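Q: So the sequences go chain by chain: A and B.
1 is the number of the first residue of the first sequence in our numbering; add one for each residue after it.
1 is the number of the first residue of the second sequence in our numbering; add one for each residue after it.
Hints listed in this document are in silico derivations from the structure and should not be mistaken for laboratory results.
Hints are not guaranteed to be accurate.
Unchecked claim - The calculated DSS-like cross-link candidates involving lysine-lysine, where the alpha carbons are at most 27 Å apart (straight line), are: (1) A:Lys107 with B:Lys177; (2) B:Lys170 with A:Lys107; (3) B:Lys91 with B:Lys151; (4) B:Lys109 with A:Lys107; (5) A:Lys96 with A:Lys107; (6) B:Lys151 with A:Lys128; (7) A:Lys96 with B:Lys170.
Said to hold, decoys possible - To give an idea of the chain A side of the interface with chain B (calculated C-beta under 10 Å), a few residues: (8) Asp89; (9) Ser102; (10) Tyr104; (11) Val105; (12) Leu106.
Claimed, not checked - Computed beta-carbon distance windows for the label pairs: (13) B:Phe22 with A:Ile32: 33 to 43 Å; (14) A:Gly76 with B:Leu59: 41 to 51 Å; (15) B:Gln98 with A:Lys95: 47 to 57 Å; (16) A:Ala24 with B:Asn104: 54 to 64 Å; (17) B:Leu48 with A:Leu106: 15 to 25 Å; (18) B:Asn104 with A:Ile32: 49 to 59 Å; (19) A:Phe20 with B:Ala19: 24 to 34 Å; (20) A:Lys128 with B:Ile111: 18 to 28 Å; (21) A:Leu44 with B:Ser18: 31 to 41 Å; (22) A:Arg18 with B:Phe22: 26 to 36 Å; (23) B:Ser20 with A:Leu44: 28 to 38 Å; (24) B:Ser189 with A:Ser102: 20 to 30 Å; (25) A:Thr88 with B:Gln98: 54 to 64 Å; (26) A:Gly76 with B:Gln31: 15 to 25 Å.
Note that this is a predicted model, so its numbers are computed, not measured.
Here a beta-carbon is modelled for each residue, glycine too, at the ideal position from N, C-alpha and C.
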Amino acid sequence: MHYNFFIVNKIGLLIYERKFPGCAQLDSSDLIRFGATLSALHLLSAVVTPSGLKKSGLKMISSKFFKLCCFQSPTGVKFCLVSDPNTTDMEKMCKKAYQYYSDYVLKNPFYELDQQIRFEGFDREIEKLFAIKQ
Amino acid sequence: MKKSTIYDRNLKLRKEVSASSFYFLFSEIIQYSIRQDIHDLEKQLEELGIPLGARFLELIILREKGSKKETTIVNMLMLIKNNLWPLMFNKNNCVVEQHMDQENIYMIKEIEPNMCNQFASLPRGQCHMNCASFIAGIIEGLLTAAKFPAKVTAVFDDGEEAKAEEGEEKRTVYLIKFEDEVLVREAKSKKF
Chain A
1 MHYNFFIVNK IGLLIYERKF PGCAQLDSSD LIRFGATLSA LHLLSAVVTP
51 SGLKKSGLKM ISSKFFKLCC FQSPTGVKFC LVSDPNTTDM EKMCKKAYQY
101 YSDYVLKNPF YELDQQIRFE GFDREIEKLF AIKQ
Chain B
1 MKKSTIYDRN LKLRKEVSAS SFYFLFSEII QYSIRQDIHD LEKQLEELGI
51 PLGARFLELI ILREKGSKKE TTIVNMLMLI KNNLWPLMFN KNNCVVEQHM
101 DQENIYMIKE IEPNMCNQFA SLPRGQCHMN CASFIAGIIE GLLTAAKFPA
151 KVTAVFDDGE EAKAEEGEEK RTVYLIKFED EVLVREAKSK KF
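Looking at chain B on its own, in the form it has when it is part of the complex (with noise of 0.2 Å):
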């Protein structure tokens, strides 16, 4: 009798993963950058985060796209809006909005603190590292798959720091920059 292989699996199969072994092994992964180099340590979370996020953009294109790829900005942010964080965290908590000034850089916040961030506490008094720079470089990653290249980096939001200090837990912003040639081809498009 032949044997099942993961190729007959289905391929939309979604299988919820504990979050204690995520917290788990994400704390490794930190302890790990850390002895390798502490003030390295966001570069180093987000070096990882880049090639899942390519692979991400893979799954989500196969599953939910019909093999469809998106050709505009605000669609690519709609993609990681209803797409890639519900794939992520499973639920859609977020909120795109574009920087006030500057129209290459966009802004995902989140509404609820992430998984990256819910324990890794730093002791009162010391700097403050965001370990959701991971989840930066998986945007970032799956951005630059896209052809849509771009440096996202992920900032704890200053308008909840006085909320910190009340008991509530710090909420991360993610600041997309775009490239010019984005803006240049993004500009050529909507001529035609």
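In isolation and in its complexed conformation, chain A is listed as follows (with noise of 0.2 Å):
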């Protein structure tokens, strides 16, 4: 079951946020504060890499509670899944996140780059893969 998902631009902002059914609703300021410390974190989890692996960044955070999931775009745009611990193919699916914004966001004539995404296309794509009841 998944909790949270997320999608963070290159500076930190939040630019996308979706709840799932059952899951406390975070409210904005935890949002913000949300954004740049995965962002840091993401950015320290590459300086702390022992010397001789590859500088990944922030991948995956298991806990006995949760789990959370990070794969960044070339651009540096992070796509974020919180799911409980018995989750599998997390990265895949945020893979198939990042598919989706790069068609039904970046091909829209209507999106401002770093702004919040509110497209109705997007939450469809978003819905189905994530399988969330209306």
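Relying on the hints, combine the two individually framed chains into one complex.
A: Have a look at this one:
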């Protein structure tokens, strides 16, 4: 089961947030903090990577209570999915979300880069991807 | 040795264009038009389409019609359905209907959403501009060049509105309103 899905742009601003049914709603200041913390963690984890390993940044946080998967596109947009600890294939879903982002958001003439995403088409595909029931 | 030029190529050569590059180009066109004047977006797209339509007519008649032009409204609409649509979208997915009350109005309904509107969705709650006006412009240009002066507008299918809320993409209907002279000519030619 998934809890939350976020998209954070390259300067650490949250541009898309999707809450799944049965999960507590974060308030807006929490969301802003989340975006900033996530990009900071991502940068830090790249810095503390032992030499000789690939500096890919934050990819996954696992704990007893949740699992957080982060996928970064080559342009620095982060797709982050928070789920329960037993979920598998989280990275695959983030990559799929990236595909929809590049289709429904980047090819949309009414989108301004690094701004909030509020498009029906994208919402629809995300709902389909994570099988969210209205 | 003689270099091969564009004139040596086969006229029937048909190459497919990458959909992604079309989306990006079209998206840039719309952004450019918005910078010009956002309220005029549909009209600007239509004007872009009109010269394209005239070229499409020439191309279809040369390639597929054996240089014969169509003379009746029905044949002209069939040309749009059977030749223009496959040429533009590589599939024949539209239905042509006549308006129930007015005989000078015809409608082309698409069966699935076209390329122009596939990714171009406005933020929720904002007015709905239809980017398929570009296609409407192409149809208008084609008809006008074939001496069937008409006004073509692209509107979202009202009947599908309920469906759209359930998560379906919106389809477009192209309303073709022929000028009176076309109908008069058509009536005259039927007498012979």
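Q: I want to verify a distance hint. Is the separation of the beta carbons of Gln98 of chain B and Lys95 of chain A within 47 to 57 Å?
A: holds, 48 Å
Q: Does the alpha-carbon distance linking Lys91 of chain B and Lys151 of chain B stay inside the 27 Å limit?
A: holds, 24 Å
Q: Do Leu48 of chain B and Leu106 of chain A keep their Cβ atoms within the hinted range of 15 to 25 Å?
A: holds, 22 Å
Q: Has the hinted range 28 to 38 Å been met by the Cβ atoms of Ser20 of chain B and Leu44 of chain A?
A: holds, 35 Å
Q: Within 27 Å, alpha carbon to alpha carbon, are Lys151 of chain B and Lys128 of chain A?
A: violated, 39 Å
Q: Taking the beta carbons of Asn104 of chain B and Ile32 of chain A, is their distance inside 49 to 59 Å?
A: Since the Cβ atoms of Asn104 of chain B and Ile32 of chain A sit about 57 Å apart, the hinted range of 49 to 59 Å holds.
Q: Between the alpha carbons of Lys109 of chain B and Lys107 of chain A, is the straight-line distance 27 Å or under?
A: Roughly 25 Å between the alpha carbons, so the hint for Lys109 of chain B and Lys107 of chain A holds.
Q: Is the distance from the Cβ of Ala24 of chain A to the Cβ of Asn104 of chain B consistent with 54 to 64 Å?
A: holds, 60 Å
Q: Interface hint check: Ser102 of chain A, Cβ to nearest Cβ on chain B, cutoff 10 Å. Holds or violated?
A: With a minimum Cβ separation of about 9 Å from chain B (threshold 10 Å), the hint on Ser102 of chain A holds.
Q: Starting from the hint 15 to 25 Å, judge whether the C-beta atoms of Gly76 of chain A and Gln31 of chain B obey it.
A: holds, 22 Å
Q: Is the hinted range of 18 to 28 Å satisfied by the C-beta distance from Lys128 of chain A to Ile111 of chain B?
A: Once the Cβ atoms are compared, 21 Å apart, the range 18 to 28 Å for Ile111 of chain B and Lys128 of chain A holds.
Q: Between Lys107 of chain A and Lys177 of chain B, is the straight-line Cα distance small enough, at 27 Å or below?
A: violated, 32 Å
Comparing the model with each numbered hint stated earlier shows that hints 1, 6, 8 and 24 do not hold.
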